[in-house]
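Let's have the full structure, built from the sequences with the hints guiding it.
Just so it is clear: in the sequence shown, position 180 is 180 by the UniProt record's numbering, and no numbers are missing.
Heads up, some of the hints might be wrong.
[Unchecked claim] Derived lysine to any residue pairs resembling SDA-like cross-links, with alpha carbons at most 25 Å apart: (1) Lys156 - Phe141; (2) Lys135 - Gly116; (3) Lys29 - Thr14; (4) Lys156 - Thr121; (5) Lys175 - Phe194; (6) Lys40 - Phe21; (7) Lys30 - Glu52; (8) Lys156 - Asn120; (9) Lys175 - Ser157; (10) Lys39 - Ser19; (11) Lys156 - Lys135.
[Claimed, not checked] Restraint ranges, calculated between C-beta atoms of paired labels, are given here: (12) Glu55 - Thr144: 40 to 46 Å; (13) Thr23 - Ile43: 54 to 60 Å; (14) Gln160 - Ser138: 34 to 40 Å.
Everything labelled a hint here was simulated from the structure, so no lab data went into it.
Source: prediction; values computed, not measured.
Glycine included, each C-beta is placed from N, C-alpha and C at the ideal position.
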Amino acid sequence: VESQKNQLITSQRTETKQSQFLTNLLDEKKHNILEEQDKKNNIEEQQEDEEEDEEEEEDEEDIQILKAADKNEYFIGNKQTLQKISDNIPLNNNNKQEERIKDAHKAGGKICPDEGIVNNTRNVGKFIIKEIGRKIISGDFNLTQVSFPIKAMIPKSALQTILLGSCLFPVYINKAANINDLVERFQINYYSHFCQFSCCQYFLKASQSNFG
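This is the structure in structure tokens:
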């Protein structure tokens, strides 16, 4: 009889352990499911917040565009409004007090009286356009390898042009060394890098007016 009682007790204990184990598993699954639902809800809330922020930004942009249109300022609009804006922009070139050097052209830039150089540089522009077209047609879109032909350059080596560009450095650097004001010294150093542009020119003629 005692053995039977012991067996019953052990069986009951095992059953209780199994039931506890199952309940723990169910609790863990419920906890995991709740965590996943919370994560999904958080993600959905974040997406909704981002969408609301984007909508608010778009509304603000629309409001700014409408304000700019009312004030006749620059904005991305239709052709008529942009034409109206461009007509209302004052032209700075009509200033009679503007001082220009004698070699300057009325439309901007410097005059190049040598027609041979002008024709040469324009032919160079045509040559470059042809080279770009050939590379695109052949399927090569790496246009960084398209270089200017040698006939567009001045008859001097790169070393000569670099030395010419630094020929005015001693004047400015010595002047900067004799000044105690750091800002003024920085300005003079800044000028020394700009003054060499007229000396250190690789092209026969400035390229911006080749298509004029």
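Here is what the structure says about each hint:
1. Lys156 - Phe141: It is violated: about 32 Å lies between the C-alpha atoms, which goes past 25 Å.
2. Lys135 - Gly116: violated (29 Å)
3. Lys29 - Thr14: holds (22 Å)
4. Lys156 - Thr121: Satisfied, since the Cα-Cα distance of roughly 17 Å is no more than 25 Å.
5. Lys175 - Phe194: At roughly 16 Å apart (the allowed maximum being 25 Å), Phe194 and Lys175 satisfy the hint.
6. Lys40 - Phe21: Roughly 29 Å between the alpha carbons, so the hint for Lys40 and Phe21 is violated.
7. Lys30 - Glu52: Violated, at roughly 32 Å.
8. Lys156 - Asn120: Holds - the C-alpha atoms of Asn120 and Lys156 are around 17 Å apart, at most 25 Å.
9. Lys175 - Ser157: violated (30 Å)
10. Lys39 - Ser19: The given pair, whose Cα atoms are some 30 Å apart, is violated under the 25 Å limit.
11. Lys156 - Lys135: Judged against 25 Å, a Cα distance of about 29 Å means the pair is violated.
12. Glu55 - Thr144: 40 to 46 Å: holds (41 Å)
13. Thr23 - Ile43: 54 to 60 Å: With Cβ atoms ~30 Å apart, the hint is violated.
14. Gln160 - Ser138: 34 to 40 Å: holds (36 Å)
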